Structure formats: structure tokens, C-alpha cells
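Chain by chain, the residues run as shown.
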Amino acid sequence: MVVDIAGFQVADWVALVPSLILGVTAMLLFIVDSIEPRPGTSSNTVLAGLSTLGALGAFLVAGYFLVLGVGQPRGTGAVDLFNGQLVVDGMSLFFVVIVGSVTALVTLASYDYLEGQEYQAEYYGLVIMAATGMSLMASANSLATIFVSLELSSLPSYALVAFLKKNRGSVEGGLKYLLVGALSSSVLVYGISLVYAASGSLQLNAVADALAGGSSVPVGILGVGIIMVLLGFAFKTASVPFHFWAPEAYEGAPAPVSAFLSSASKAAGFVVAFRVFLTAFPEVGGLAGGDPMVDWVTAVTVLAVVTMTVGNFAAATQEKVKRMLAYSSVGHAGYALIGLAALNAPDQGFVLGASMMHLLVYGFMNTGAFLFIALTEHWGIGRTFQDFNGLSTQAPLACAAMTVFLFSLAGLPIGGGFISKLYLLAATAQAGSWLLGAALIVNSALSLFYYSRVVKAMWIEDPSADLEVDSYPSSLYAAVVIAAFVTFALLPAFGLLSPSAFDAASVLFG
Amino acid sequence: MAIQTQYFLLLSAAVFCIGVYGILTRRNALVFLMSVELMLNAANINLVAFSFHHGNLTGQVFSLFTMALAAAEVAIGIGIVLVLYRNFEDIDVTKAATMRW
Amino acid sequence: MPVAGPIEALLAVTLVGALAVFLAPDEWAGKLATAISLVPVAVSAWMYTAFDGAGNALLGGDLAFESTIGWVQLGRYELAYHVGLDGISMPLLLLTTVLTTLALVSSWTPIDERQSQFYGLMLLMEASLIGVFSALDFFMWLVFWEAVLIPMYFLIGVWGGPRRKYAAIKFFVYTNVATLIMFVGFMALVFGLGDSISTFDMPEIAQALRAGGNLSAVAGIQPANLSLIAFTLMFAGFAVKVPVFPVHTWLPDAHVEAPTPVSVMLAGVLLKMGTYALLRFNFTMLREVAEANAAIIVAFGVLSIIYGAMLALAQQDLKRIVAYSSISSMGYVIVGLVAFTPHGFGGATFQMISHGLISGLMFMTVGVIYNETHTRMVGDISGIADRMPWAVGIFVAAAFGYMGLPFMAGFAAEYLIFQGAFASSVIPAAPLVTGVAMFGIVIVAGYLLWAMQRTLFGEYSLATDYDVSRAPVHDVAPLVVLLALVIVLGVRPGLVYQMIQDAVNPLLDTALQGGVALW
Amino acid sequence: MAGAFDFVPAIAALPLLAFVVSLFAGQYMPKRGAEAGILATAGSLVLSIWTALTVAGITGSATSYNENLYTWVAGVADGAVTLRLGVLVDPLTALMLVIVSLIALLVHVFSLGYMNDEGETGLPRYYAGLGLFTASMLAFVFSNNLLMAFMFFELVGLCSYLLIGFWFREDGPPSAAKKAFLVTRFGDYFFLIGVVGVFATFGTGLFAPITEGGTVVAESFPQMAEHALEDGESFFGYSAQTWITILGMLVLGGVVGKSAQFPLHTWLPDAMEGPTPVSALIHAATMVAAGVYLVARMYGFYLLSPTALAVIALIGGFTALFAATMGVVKQELKQVLAYSTISQYGYMMLALGSGGYVAAVFHLTTHAIFKALLFLGAGSVIIAMHHNENMWDMGGLKDRMPVTYWTFLSGSLALAGIVPFAGFWSKDEVLFEALIHGFGSTGTLGTMFLVAYAMGLLAVFFTGFYTFRMVYLTFHGDARTDVARDPEPVGWNVKGPLSVLGIGAATVGLINMKPIADLTGLHIDFLHKWLLGPEEGGWPALTSTGLHHYEELMHNVAGIDPAYPLGETTTLLVSALVSLSLALAGVLVARSLYNEPEPVEHTDKLGGAKTLLMHNYYQDEYQVWLAQGVTVPLARAADKFDQGVVDGVVNGISSVSLFTGSRFRRIQSGVVTNYAALMTLSLVLLLVVFVVLGGGV
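Going line by line, the protein sequences match chains A, B, C and D.
Everything in the first sequence is counted per this note's numbering, starting at 1 for the first residue and increasing by one.
Everything in the second sequence is counted per this note's numbering, starting at 1001 for the first residue and increasing by one.
Everything in the third sequence is counted per this note's numbering, starting at 2001 for the first residue and increasing by one.
Everything in the fourth sequence is counted per this note's numbering, starting at 3001 for the first residue and increasing by one.
The shape of chain A in the complex, shown without the other chains (with noise of 0.2 Å):
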């Protein structure tokens, strides 16, 4: 097969180039640190570099394959590969893009926030190789590999999370995330079994010609395995019911982890609930209109509805700002799951795209603000809203940056998030679900009570005598801006990827 990419043709692979360049990365991190005399002593430079260098390349790599169009109408069209089990288009690499940037700010970041730590090399490898299964994900467009990707990015984010090994928190994080994580996997991997029961096939494609002509199997154990599925992927959203991991691991983990873990992982979670939901199965929930067999649309509704008012509310009277920031990612992604439950609209590409936008912002703001907890943790200020008093008053700068990723994350003009959570606002009007556009309005003003909270601790409270901050790392000090820069220019810049994401969401509605 071959491909006209940029008036070249080449294989058809070349199409995965971005996930291919997160895979080799990831083995020459292993290879330089193998290569060192004495394990676990490689130079913290060359490993942050050189996993930065491959981040970047596939962000990069992904974004300028967007801007040609491959995969996409107007380019060489939906790639196929390997007979369907992955597919090259928008909407992947658009994910691709997402996954590529926070993964490149996250290990940026690490540079500074590892400093003296053991083991960095393993470190930055598990962090490539999830960012390789993730990126895996956006392509994965069979239930087989969908599921290896996932566990691809799984497995090594228990390690992260867990890394600090002398951490109570870290370790307990861990556990936790692992076990929910064991539990979810089985569920999911279950709902596949089902799925594959009913329509005999795993390939998503497949699965929708197969249940379009109706299965030979009771559709009762189509539903249960739509509905297992679904949860399935509830836990990579870290969504409602399957959230519970969510705020222990982003807590205990250390904080580059839980930015990566609440903004990549989150977006690839979605990006293959989207595909999943959206290829196989259109029909089952009436998308194609005629009444549903299982009524998946109404399902993640709810959990939509009750995943951003749960996020929200115990967001709202946190102590922590770090777990009040979990909880505030397990809210977002509610707002996310608008775009899989406001289907009933007459323009589903707006809705989809409006979802997709929202997880390309929050890769930014959510990111940043993590980034900036690391810089906190980094300067050993304490972890809850008191500790951040005053603190304008000694990091004027990145409490500046701060503001910029919480107001943004609040949906206030001074970043990107202003016009996608507008836009999600807007798909639950155009789908005239008012409930969705209810919650969404009470969990945003709730939201920008406890973001403004922090805001308040850093601009408005006054400082504690013994607030000190002696450094100024240079490494999450850059990430930290550079996050809050993006954060800021997608206000105005925001149409740079926005026609490709309506466009990559119109695709899949045909």
C-alpha cells in the first residue's frame, strides 16, 4: 500500500510515524541507559533531553501530518493499516498532537522535578512508553488492539504513579490506581469478549456491518457488553463510576505523573471511547436514527451529568490544591463526555469537535497547573490553599501562569478554555438536552469558586512570615510558561487546529 503524503509516496506505515518515533524513543532511552557503566546513574540531561526531543517530534510530526491532511478528506483520506487493526486520520493524529505536547512539557519538566532522584532512566522510559500506547490508542481502531494500546499506557502509569518508592502517598497511589485499574481492564476485556460474542468480530468497522444486520446472539449480551465497554473506558477518563483511582493517584503521585496521567491519559481514554462508539456502534444507539437497541447516548449522559457535578462539588471543599486539582480533572472529564452524549444534535461533527477542542485546551491548562504544583512540591511549600498565601508576592511569574491555567480551566476569556467550554455549552443547547447544559452551568460557576480560590491564596491573601522560595528551576520554570503561553494564544489562535477537529469529528459521523 502505498500513500501520497506531501507529494511523496511512500509506505503507508509512514502514516504512523509519530507513534513510531515514541516507541524508538522509548528504546533508546533504555539502550543509553544500559549503555551507562552503573545503572540508574544516567545524566538527567541526555535522558530529559532526549525524551523531550521525542515527544516533541512526534507533536510535531502529528501536526504538520494534520496540516497536510493526511488522513483526512481533503488529504489521502482515513488511512488503513494492518488490514484495519489501526487507522491513520484526523482525529488520531489530532490526539496524536495532544498526547505529543503534554508529554513533551511533562518530561520537560521532570528535568528539574527528578533532580537527585534514583532511577530516571526507567522514569522517562515508562513515561515514552505510555505516551506510545496512548498515541497507540488514537489509532487503534480494533478492540484487539485497542485494548493492548490501553494496557500499553496502563502498565507503565502504575509504575509512575508508584515511583516515589520511600512515599506513603506515591506508593498508596499506586496501589490503588493498579487495582482499579486490574478491576477495569477485566470489565473491559470482558465487554470485548461480549461485543465479540454478538458480532463475531473485533475489528470496529466490522462490528458495525455485523450488528447492522443483526446478530445471531440475544442483543441483551451486546448491551452488557456496550455497557462493560463503556466503563472500561470510564476508568481511562477517569470518569464517574470508574473515577475512585483518580484523586488518590493524582495526589500521591508525583506531580509531572499526574499532569501527564490527567491530560494525555485522560485524552487518550476518550479519543478511543469516541472511535469505539462512534465506528461500531452508531446504529445500536440509534445514531442512525430509528429507536436504539441499547440506549448507550442516554447512558453516558448520565454519567456525564453525574461525573462533572461529583468532580465539581468535592472539588469545591478540598483542602489540597493538588487533589482539588484531581478532582477538578475528573469534572472535565464529564464536560468531555459531552461529546459522546449530546448526539441527538442535528450538527454531531460541532458536538464531537467541541469535545475534542475541550481535551486540547485542558491538555495545556490542566497540564500547566500540575506543572506549576511540581514547581510547589519542588520548593517544599506546603501542599493546601493556606501554603499558597502570598505566594505572588515571591514566584510573581508563575503564580501569573497559574492564574492564566485556572481562570482558563474556569472558562474566563484569558485562555483557550473560554471558547471550548462556550462551545460545549453551545452542543447541549444545539442538542436541546438542557439537563447536560444545567450541570454544565452549575459545575462551571462552582468551578471558578475553587479555582478562584487559589488565586485568592496567591494574589490576595497575605504571605506567612517564613514563606521562602529559594530557586527558580529553570526546566519546570520553561514548562510552566510555555504551558501558560499555549494556554493563552489558543484564545485568539484558537482556529490553528480547530477546523481539523470538526473536521476529524464530521469524518466519523459519515
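Rather than coming from a laboratory, the hints here were simulated on the basis of the structure.
Source: prediction; values computed, not measured.
We put the beta carbon where it would ideally sit given N, CA and C, even for glycine.
Incorrect hints may appear among the rest.
Partial pick of chain B residues on the chain D-facing surface, computed with a CB cut under 10 Å [stated by the list, open to error]:
hint, residue
1, I1023
2, L1024
3, T1025
4, R1026
5, R1027
6, L1030
7, N1041
8, V1093
9, A1096
10, M1099
11, R1100
12, W1101
Got chain A; can you put chains B, C and D on it based on the hints?
Relative to chain A, chains B, C and D alone:
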């Protein structure tokens, strides 16, 4: 003569439920992992049975993947259980509850 | 179309200026900011003289200083940077620039810490306000609309009074919710217009809506009900900003806690955003719904007038008095708008300007007195007329301006509103309703005269032991300027009323489609 | 060539200039700004006289003038009224202009003695206030439309506020100023509705039509109302008759407030807290007259509504009597004068209500003169008494300050209505008109007039009594205090104005000695002629404000006609005799009670009535109660409601959501087994809801 497929389905469901039961009742991290194994294998039963039912090999192949991944999962799991023991002097999953609310 | 017009210049100067002031040292941040803010004043003054707009911006009138740049392609919709002025927005823009400069000068005395941040934020707010009054693309407008909140939050939260944190967050969340509600309403309209609209260009949408028959059902809601729902949501959203009873309670807290210059901006310009939006959206785009529900709307207006005035009557804090009376004054605007008569619309718009000036003047005067006495409680001050004659003299003048003394802007505005409302064919029992609304002018006299008698006149005494002396010149100067403006507009309303009328009259042109009443 | 009419605006502009000058440059002038005021008012007086002469046809041909000079607000759309400022000059205007500017000039001069020589501070403010007042008052007088009238009506209110509160360091004046403005504002509220209503109904507020070359270019609202009445139109769902009445009553609200008529009279006695010259100018001669003047100005409109006329007459008659009775027991010089002022304006209202247009204007004129005189006289006494106003501390000032005494006496005789002093002629005419119209008018209207007449007549007695009680207590008998024994002498600037006005008070009645005229057949009722105008053409035809027109309206619309129960001459004489004798009776009673070396309180003789009178019929009490006993508690309640309920809901929502949050977070128990349980539970739940119930199986 072949056994009808729905019996396999019932079997797998039963195994799955046993696994869930184990997860809900046992506090030992290792047993927890074992229960997860049970659930995964329940899925495998389905996959194999229905691959036979549908007459294609996809399911059987996928079940191999599942087993491999299950193994990997346990590998990581054991590692985490180790550090858990180092930090909490116990592998009771309910003991590790410093972070909540 | 020219891209770098004066409006862009205004935005650029204020934004860059804000940045510069942020980086400037505290010592001369105030002077620097004031100097920078003179540029917008000059530019907007020139714009006023060079103003060549005609008709209403949303109804196909000729826009002044218009410019358009494509911005974002979102799904089917194309967002654009589209700004321009008509006879309604021009005076408001002028009000914004002038009031900002005066507020900046008036903050030299009270603001004594973190100056560079304060003045920077003030300039940021000016930029956003300029955007609000000039943007014509809905999303663009929304960006500025919400952007106003951010500097306001800090200005109240950092430099405010004892309960500043509560006031700031209350203002923040309250108005934010309002925006989201309003947004849903408007989007419902946009989707209702379906394929006939592919942008968020406000003129395009307004004309499509007024043409009638373009609305189609959204999610099973029939067009008539759709427009009613949209109207209700948007009215609810904007009512918070105005504010209209019963969604006004953020205002007194915000005012009392905010430092004087911020109160000036809040009462002078921010409240006008609400009525401006009501005029632009509800009363321009959904005229028939507004007329069908005139009874309810006017009830809200009258209620705000009387209720706000009664509340002002019960206050002890000078700032609270002015704050509540602002609610009352903005009620007049609602009454004027819903009258659907030339003088009704014109008077309402003119009231936005005049109240902007007069309430600003009131707050500044109270602030000047506070700078000397360090209290705003009516009971604490008595007979300071001796100690600070000029400030007190201006206070009296401002108070009478607030009471609607002829030949001051307030009288012109209120009289025109009454004239418009009295003759309204839309308001049921218009003469009676107008008469009731007008009773506000008696109550306002009641509490202002009472407050003046208690604080300014009588035996000199002061609860806080400060040595009250004449206010510094740079405190009084802005007062004088404002008073002068108030009188000039009172003697010659035409200076702005001509262009206002020119812009509001088209609102009454088209025939009606017949809207659905709430009940 | 530019005639007097072109300079009419200057009549108001000059004092306005004086206001600016004395406000900003006053403190640099030797007399602290008085110079500017005096020059300006003198200029205004000259111009006013020139205008009057022109109106009389002596200088210049045109005898009336009505132009719009300034467009205040241009209504561009159709249905949007245009609001203009303009000048209307007809005999009424000219007369009032002369009166106002004359009194203003005299008061300015007097102030030199009363304020400057007494070493007051803040004089620039004082003279600025006087200047602004004079300007606004004059502008009000020559306003050619209702809105302009209202605007300056409000401005004079402001000046009254500022001048009453001139001594702001004490507690009394600011409070009195507040009350004065507030009470009048309450009246003006109705006035404003009336103005809006008139513009909304007729699209114009012109008092008189504007004509160019004989053709009407802008119709006046009384004319339009007249036509509407003829054509039987209806406005706002009311018949023209009803609507005109409503509008008339609304405007009347402002009149009642400014002219201190019952029930809005309560502010005037308190207003005496202000400097005495101010009382003389504002609260006796001019501003208080504004209300009456307004009625006279739009008399053509009121004549269309008999109801309104009846109300006016009754209010007038009642106020005349009611205020006079209160004047009887007052201790302080200025208080007596204040109540007499209220009473006298009651007479004018009575006259206007009962169709005595000329009588009203006549009494307005004479009263302006003699009441200003009395106040200035009182002022001079107060100077002498070192600002002690209590009459019981005075006595025997007759010999020590003769000029004051004789002038004051002349004023008192005028006030009491003793022939031949000014008051006699005017008051007599007022009563006479009320009487004959009472007999002549049809239906209840006539009886109303008679009732009003009766009250007015009774008031004559009281007027005579309190006036001379005042005179005797102040000037006669023995001095009762050391100050009274050795009063402070007053200067030329006090005596000058007194003498001018004293002569005036004695003589001004001569301008309209209607009884004599009727008896002798000599045409010496100049004022009558002045307001009557030529039968055909001339200013009445142009402005339709002539007496002929009014008499037609009275006859045709209101149904007011004169009737002479005893024949014309006899009735005239009888009514004159009755009122005169009543006045004399009052004087004599006062003489018998108080003209003795050591007069004593006789108020106890009144028994229960005394307390009632001392408390002014509890008018203030109930108005204060309305303000503080009703409104303030209501406001407090509203505040409670706002804080508790409206804001309570807002805060409630936030605390409720925070509480919910604190519960939600409890789900996160921290024990992973619970998580597993919850996950399984929710899985089962979803399966049940969406598969079993969802009709899957």
C-alpha cells in the same frame, strides 16, 4: 456433539462473578490480583467459545493477548505490592488509606 | 476595510499601556497610567468629532470606524473580529475613556500599595470595556464581556475593604453564571436560525431575527417558544449586570468593599454593560417578545426603581446609599427601553451616559470625603462643610444632579424616559405606571437630602479622630470635570442625544411578528 | 432695530452672571459680591421696566412677544416631541418681571445692612444664591412653555434650599432647608407628571401660540385643549374633560407645594430659619408667588375644568382662614408673617379659583410689595434686637426706630386691609369676585365659591387681629428687655428699601381701585385695563392670554357668571364694607388686648384651641410621622427583606452547594475495597437500567 455456546457463556459469567466476589471480600493484595485473573479468564472463556461459535480465530488469538497482558499486569502488581509492604508493613489493601475524601 | 482603525488604536494603547504599567515601579505607576489613559481620551474625543455613523449598528446602519478580520472557523460557524460604532456605542465609549482617566486620577490618594498592579488592571479593564462597546461579533463581544470580570475581581479583592474577598467572589461567580445563562439563550437563537446564519455577526443575526420567519424549531421547541425562552434567558443573564431586582444583591457588597475608583468604574460603566446588552440583544433582536411581555418587564423596572430607592433610604453607609440608588436609576433605563418609543429608547441610552457621569461623581465625592475622614458612616460625620468647602459644594451639586435637577444630565435623561414611557403604547396603563415609576424622584430627594443634612451640615464632629482639611487639588479636579460634563450635557443634551436618537429610531421601524407572552 | 423684547433673556442673564461672579470672585470684592448682585438686579429692573413700557405700547409697536429661542432636545423621529426654551412676554409677564426685579434689587440693598454690617461670613455664597435665585425666578416668569417653567421652578427650589440653609453650622437651618425642598418636591412630583402628560397629550407645552405675521405656527396647549373639548376628543381612554381635569390637578400639585397651600404649607414657617432678606424675597414676595403665577399663566387651561377651579377656590379659601388662625398665637415676628403669607396666597388661589383673574394678579402685586416690606421691617427690628425674634422681648420700639415703625405700620395696614392701603383694594376685589361668581355660577360650583368666600371673609378678621397684635407687641407699650430699651441702630441700606416699599404699600392699591372706578365711572382700574387688552387684535389676539378670552371661557366652558344679589353697586359697597369692618374689628380687638404698657398672654382664653393652634393643627406632626413613622420603618423592613431573603437565597445556594460538596467527597472513603464495591454496584445498576429495563433482554 458440541456443547451449546450459551453454557460457555454461563460458565464465564459464573467465573467472572466469583472473581468479583473475591475482589469485594478479600483484603490481601495478592488475592485481589488473583481474582482479577479469574475475571480476565472468564473473558477468555467467552472469546474462545465464541470464536468457535463464529467459526473465526480472532477470539482465540485475542485471548492469547489477554493472557500475556494479564501476566504483565501481575508483574507490575507484584512490584507495587512489594513497595506497599515496605511502606505499610502489610499487604492488606484496606490499610493503605492515608489519602481520602 | 481598514484594519488599523482608531478602535484598534484604543485597544492597543490600553493593552500595551497596561503591560507597561505592570512593569513600572509603584512610585510613578499612577502618573504613568494616567498619562497613558489620556491617549484614549484624545482618540475617542477625535472619534466623536469625526463620527460619521448613521442608523443602528445592528439594523444595517452605517458604522463608524468599522473593521473586520476573520478569526476562528468553528464547525459551521465563522467567528470574526468585527468592531464598529454607532450612535449608541459612541457615547458609551467616550464615557468609558473619560471616566477611566478621572478614576485613575482619583486613585492617587487612596491607593497606596501595589500601585503598578492596580493601575495596570485598571487599564486592562478599560481595554475590555472599549471592546464590549465596540465589538459586533458575538463571540468577540463575549470575550471582552467576560474579560471585564478578571481585573474587577482583583481590583475588589486586593484593594477592597474588610469584606473584600466575599464581595469579590460573589461578584465574580454571580455575574459569570449570568453570562453562561445568557449564552445558552443566545445560542438557542443562533441554532434556531439554522443554515440562514453561518457567523456570529450580531448585525447579521439581528436582521435575520427581525426579518421574522427565519427561526426554525430547535430540539423540538417551536420558534415562537424558542424566542420566548431565549429572551427570558438573555434577560435573566443581563439583568444581573444591570442589576434588576431581585438579582441585585452582589452590587451593594461590591460597591461598599471596592476602593473608590473601582466603584466609579463599576457604577459608571460596568452597570451600563447590562443595559447596553439588553438594548442590543433583547430589545433589538427580539422586539416582538419584549413587546408581548412589556407588562412583566416594566414591572421589574418599576420594582427596581422604588425598591432600590427604599433600600437606599435605609442605609447608613454613604457608599451603600449611592449603590442602592444606582439600582433605582438603572430601573429607569429598563422602563425607558420597554416603552418602545423614540424618547424611551433615547432617554434610556442617555440615562446610561448621565448616570455613568453622576454616579461616578457621587462615588468620587464620597471617596474624597472618605480620604479625609476615613469613615463613610452617616452617623460618624457631621458638619464637614466648613473643613472642605469645595468638596462639599460639589457633593451638594452632585446630589441635586442625582435628584434630577434641571440643566443637569440626570434631569434630561429621566424626563425623556418619562416622556417616552408616558406615551408608550406597549406598556399597559402607561400613564399610571410612569407616574408610579416617577415617585422615585421623591424618594431619592429624601435620602440624599437626609444624608447631606446629617454629614455635611450642622455642628462639626467626627467619630474617627482624623484632622479633616481641604482635599488636595488632584482629588477635586476630577470632580470638577465630571460636574462640568454633567451640566454641559444637562444644558445641551443634543451633544450626544442627536446621535443616540439617530441610532435608536431604526429600532422602531420594522413591523412586528407578534411574540408569545409569558402568560 | 432691537426692541426691548430682544433683551428679555438678559433680564435673567444678568443675575446669572452675578451668580457666577459673586461665587468665584465674591471674596475679593469689598462687599463680598453684593456689588454684582445689585448692579445685575438694577439692570434687570431697568430692562423689565423697558419691557413693560413696550408692552404698554409706549416704546415700540409690538405689545407682546412669544418666541422659541433654544432647542433643548430635538425629537427627530415622528412622535418624539421636541423640547424648547423660549420667551413669552405679555402684560402679566411684564408686571411680574417688574415686581420680581424691583423686590430683588431692594432685598440686595437691604442685605448690605442685614448681612454685611452684621459681619456674616460666607457672603459670596449668599449673594451667589440670591443671584441664581433672581435669575431662575425671572426666567420662570418669562418661560413660554410648561417644561421650561418646571425647570426653573425646580431651580428656584434649589436656591430656596441653599439660602434657607445658609447658616449651615447650626442644626435648624439645614433641617428646615431639607424640609422645604422635600415638601415642595413632593408637589413638584405631581407637577412633573402633569408636564409629561401635557406634552404627551398635546405634543407641546406652549402657554400661548406662536404666530408669524398673524398666522399661528405653533399652537398652545390651552388652545388645543379647548378645541379637544369642543370636538369631544378623548385621551388615554378618558374624555377630554376628565383628562384636562386630571392634568390640571397634577400641575396644581406643584402650585400647592410652592405657594405653601394646605396641605403642603408646612415648610414655609420652618423656612424662616433662613436670613430675613431671603424670607422677604423668596418666601414672601416672589418664589411663593410662582405657584399662583403658574395658575394665572395657564389660566386658559384651568378655566376648561370647573372641577379644578372649585378645588383651587376651596384650597385657597380654606388655607386663608386656616393659616390666619395659626398666626394668631405665634410668639415670633417672622412666624406671624410666615403664616400671614400662607393665608394671603390662599386669597390669591381663592380669586383664581373663583374666576377673579384680575383680583388674583392685583393681590399678588400688592402682597409682594407689602409683605416684602413687612419682612424687611421685621429684619430691621431683628437687627435692632440682636437677632432676637420673640415679640414678648420687644415693645416700645416705636420711638426708638421711627422709620421702621411707620413703614412697618403702612405695611400692616395694607396687610390688614384697611382703606386706603394697598391690601384693602386687592383683598376686597378678591372677595367681591368670589361673592358675585358664587351667586352667579351654576350648580355646585357656585356653592363651592360661596363656601370659599365665607372662609376668606372670616379670615379677614383674624388677619386684622394678628397683624395688629404683632404691631402692638413689637412697637407699642414699654420696652420689655434691655435690648429693646437700647436697640442697635440701622443704616441707610435698611431704611432706604423700607421707605420705598412703605410708600409702595400705601399707594400701589391705586393701580386698580375698582370700587371707585365703578362708583365714579372713572376708568382708573389700570391693572384691569392692563390685563384686558384691546377688544380686537393687539396682544390678546396673538397670545390668547387676554381677559376677554378668559371671560368667554368662564362663561362658555366653566359656567362662571357674575350675579349681583343686591344690584351691582350695592353689592360692591356691601362686600367692601363687610370686609373692611371685619378687618377693623380685628384691629380693635387686638388693640384692646395688647395696646397697653405691659401686655400679657391672652392665648389661655382660647382654652383647648390654644394647644391646637400652637401645634399648627398637628400638620407637621402627621407629616413627620408619614416620613419617619411610616416610610423609614418601611425602608428598614425592605432592607431586612433584602439582606435576609433576597441575599439570603444567594448565600444559601452557595452554602448548600458547599455542604453537598463536603458530602460528595465522603464517597472517596480511601479504602480501595469500597471503591471496588461501588464500581461493581454502579455496573450492576447501569446494566439493570439500560439492558434489562432498556428492553435489551
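Which of the stated hints cannot be reconciled with the structure, identified by number in ascending sequence? 6, 7
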